[in-house]
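K.L.:
First to last, the sequence lines map onto chains A and B. Residue 217 in my numbering sits at position 217 of the first sequence; the count goes up by one each step and never skips. Residue 125 in my numbering sits at position 125 of the second sequence; the count goes up by one each step and never skips.
Wrong hints could be hidden among the right ones.
What the hints assert, rightly or not - Listed next, the in silico SDA-like pairs over lysine to any residue satisfying Cα-Cα at most 25 Å (straight line):
(1) B:Lys54 to B:Ala16
(2) B:Lys228 to A:Ile186
(3) A:Lys137 to B:Thr48
(4) A:Lys137 to B:Ala74
(5) B:Lys228 to A:Ala17
(6) B:Lys228 to B:Phe39
(7) B:Lys228 to A:Asp136
Derived from the structure by calculation, the hints contain no laboratory data.
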Amino acid sequence: MGEAGKGTTAVRMSPVAWLIAPAGLFFLVFFVLPFGVMALLSVLTGNPMQRPNVSFTTRHYERMADDSLYFESLASTLKIGAITTLATLILGYPIAHWLARIRSRAGHALLLMAVIAPMLTGIVVRTFAWMTILADKGVINSTLQGLGLTSAPLPLMYNEFGTTVALVHIYVPFMVLTLAGVIGGIDERLEEAVMSLGASPLRAFLEVTLPLSLPGIMAGSLLVFALAISAYVTPYLMGGQQVLTLPMLIYQQVAATFNTAFAGALGVLLLVVSIVLVIAYNRVLGRLTRREDLA
Amino acid sequence: MRALVLGRVAYRAINALVLFFLLAPLAVVVVFALNPTPFIQFPPIGVTSRWFAKFFASPDFMNSLALSLQVAAATVVLAMLVGASAALAIARGGLPGARLITALFLAPLMLPAILTGLALFQVVLSLGFGRPVWALVAGHTVVAVPYVIRTTLAVLADFDRRIEEAAASLGATPLRVFFEVTLPLIRPGVIAGGIFAFIVSFDQFPISLFLVAPNRETLPIVMFNYMKFDLDGTIAAASMVSILLALAVVLTIDRVVGLRATMKI
Numbered sequence: 001m002g003e004a005g006k007g008t009t010a011v012r013m014s015p016v017a018w019l020i021a022p023a024g025l026f027f028l029v030f031f032v033l034p035f036g037v038m039a040l041l042s043v044l045t046g047n048p049m050q051r052p053n054v055s056f057t058t059r060h061y062e063r064m065a066d067d068s069l070y071f072e073s074l075a076s077t078l079k080i081g082a083i084t085t086l087a088t089l090i091l092g093y094p095i096a097h098w099l100a101r102i103r104s105r106a107g108h109a110l111l112l113m114a115v116i117a118p119m120l121t122g123i124v125v126r127t128f129a130w131m132t133i134l135a136d137k138g139v140i141n142s143t144l145q146g147l148g149l150t151s152a153p154l155p156l157m158y159n160e161f162g163t164t165v166a167l168v169h170i171y172v173p174f175m176v177l178t179l180a181g182v183i184g185g186i187d188e189r190l191e192e193a194v195m196s197l198g199a200s201p202l203r204a205f206l207e208v209t210l211p212l213s214l215p216g217i218m219a220g221s222l223l224v225f226a227l228a229i230s231a232y233v234t235p236y237l238m239g240g241q242q243v244l245t246l247p248m249l250i251y252q253q254v255a256a257t258f259n260t261a262f263a264g265a266l267g268v269l270l271l272v273v274s275i276v277l278v279i280a281y282n283r284v285l286g287r288l289t290r291r292e293d294l295a
Numbered sequence: 001m002r003a004l005v006l007g008r009v010a011y012r013a014i015n016a017l018v019l020f021f022l023l024a025p026l027a028v029v030v031v032f033a034l035n036p037t038p039f040i041q042f043p044p045i046g047v048t049s050r051w052f053a054k055f056f057a058s059p060d061f062m063n064s065l066a067l068s069l070q071v072a073a074a075t076v077v078l079a080m081l082v083g084a085s086a087a088l089a090i091a092r093g094g095l096p097g098a099r100l101i102t103a104l105f106l107a108p109l110m111l112p113a114i115l116t117g118l119a120l121f122q123v124v125l126s127l128g129f130g131r132p133v134w135a136l137v138a139g140h141t142v143v144a145v146p147y148v149i150r151t152t153l154a155v156l157a158d159f160d161r162r163i164e165e166a167a168a169s170l171g172a173t174p175l176r177v178f179f180e181v182t183l184p185l186i187r188p189g190v191i192a193g194g195i196f197a198f199i200v201s202f203d204q205f206p207i208s209l210f211l212v213a214p215n216r217e218t219l220p221i222v223m224f225n226y227m228k229f230d231l232d233g234t235i236a237a238a239s240m241v242s243i244l245l246a247l248a249v250v251l252t253i254d255r256v257v258g259l260r261a262t263m264k265i
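Excised from the complex, chain A in its bound form:
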């Protein structure tokens, strides 16, 4: 730490610290408090702002436990999240490696733009793109039938497959950027040293680069998993009636039956899963930055 100045070892609070106040207040009112309200309403019999006598209840959670629909939906959400994560890792790793190792500055800039441009395109737009590609009269089926390779359209959409393909497309950039940062931090001379001792590039990669990039794989996977299990638009439009994820059930409770308390209870379930992921993600990243501090 280059703590130049007064010669004190303890980090001094400076007046600049007060600049945290606006953000702190904003997040308290519009982020922390709402989540608290959501959790509170999920264990109350009604809304205390509208009804004078409300009491605590576990009925929303009992309803969740009683009906296997909610457990199945959670399982299907986690399953889609896991498959999406694995696929983004497999597709994202080569690009991340290239991005981290490319020597030309212009090449790096172009590659980075190619990764970020889809990321900055809205999810609704990207889901629409995949609908036009995977639909019965979409790009793939029209091409296959035009070439006479298939006689009927393949069922590419309105199922778990279509949902996952679109989700993978949406989250690959997040994986690439996380991995590229970590791979870029690995000293290239380590690989060169192993290769000068006679190892093939593949072996150098498998025995040096891959193990050293494991924290990146962990961080990227946790990030993508957390994002994928909260997706709403893509499973809704690409899944047809075949895919029912937790976020879809949550919105349905509000839109169809206006049972906001039960929606909140389902929300708490999703929130608990997410918070575990966030904590794990921060741990992995924390260990990473400490390692960089030591290096």
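Please build the complex by placing chain B on the supplied structure of chain A, with the hints as guidance.
P.N.:
Relative to the frame of chain A, chain B by itself:
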């Protein structure tokens, strides 16, 4: 030697395929935005501007586009003010537990945005506010602030603190150091964060889902509702507008600060 060449070819081929997977869908949108058939049909049979004409003539799309732009503008201003000051406090304030504070402010990036929307919706509903536009802006700002904090922190981490100390030792007051040294130095990071805030708000779906009022919806919501029933070129045209915007954003950020500095996730 042959294995080496083969390996290199495989490496290139895999990367080319993944790039194609990433970019082809965006190109497909452009094809359908220009194809004149009333339904999605491939291969395209010609070029038309009728979908753009329909998009720009539709009051539904135009009203929602206007609302989206207004909400995004408000979000940008708020997120830049709140985010930049928070980043300064984190990097320069000597706050105890700075790592935990940073994690809290970056949490909206990873926590399901649909829950941020639901939770905020329950608060405004409980308080009897209905679905006001300010709640929409507040929700968008919560997910936009992390981007501003991150880009500003990236710039703050890069610049030499001794510049500020030198200014102070030459007799500048802390206020003067802030306005004449620190602020100009962090400006690119704050602007890049503001550009991200714009795109995050403009494309925002899950938070808006709960907070838009009927007949006063943002563009992504209107597009989503349209897509539930109809897939024609109008949506493709609307999508192409959004893609062009994303490209403009990428190029602007690259110009202002360089993409590399801002893309550390």
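K.L.:
Determine for every hint whether it applies to the structure shown.
P.N.:
So, going through the hints one by one against the coordinates:
Distance hint between Lys54 of chain B and Ala16 of chain B is unfulfilled; the C-alpha atoms sit about 36 Å from each other, more than 25 Å. The suggested pairing of Lys228 of chain B with Ile186 of chain A is violated, with an alpha-carbon distance near 46 Å, which exceeds 25 Å. Among the hinted pairs, Lys137 of chain A with Thr48 of chain B is consistent with the structure: their alpha-carbon atoms are about 20 Å apart, no more than 25 Å. A distance of roughly 41 Å separates the Cα atoms of Lys137 of chain A and Ala74 of chain B; the hinted pair therefore is violated under the 25 Å criterion.
Straight-line distance between C-alpha atoms of Lys228 of chain B and Ala17 of chain A comes to about 48 Å, which puts the hinted pair past the 25 Å bound. Taking the CA atoms of Lys228 of chain B and Phe39 of chain B, the gap is near 14 Å; set against the 25 Å cutoff, the hint holds. A distance of roughly 16 Å separates the Cα atoms of Lys228 of chain B and Asp136 of chain A; the hinted pair therefore holds under the 25 Å criterion.
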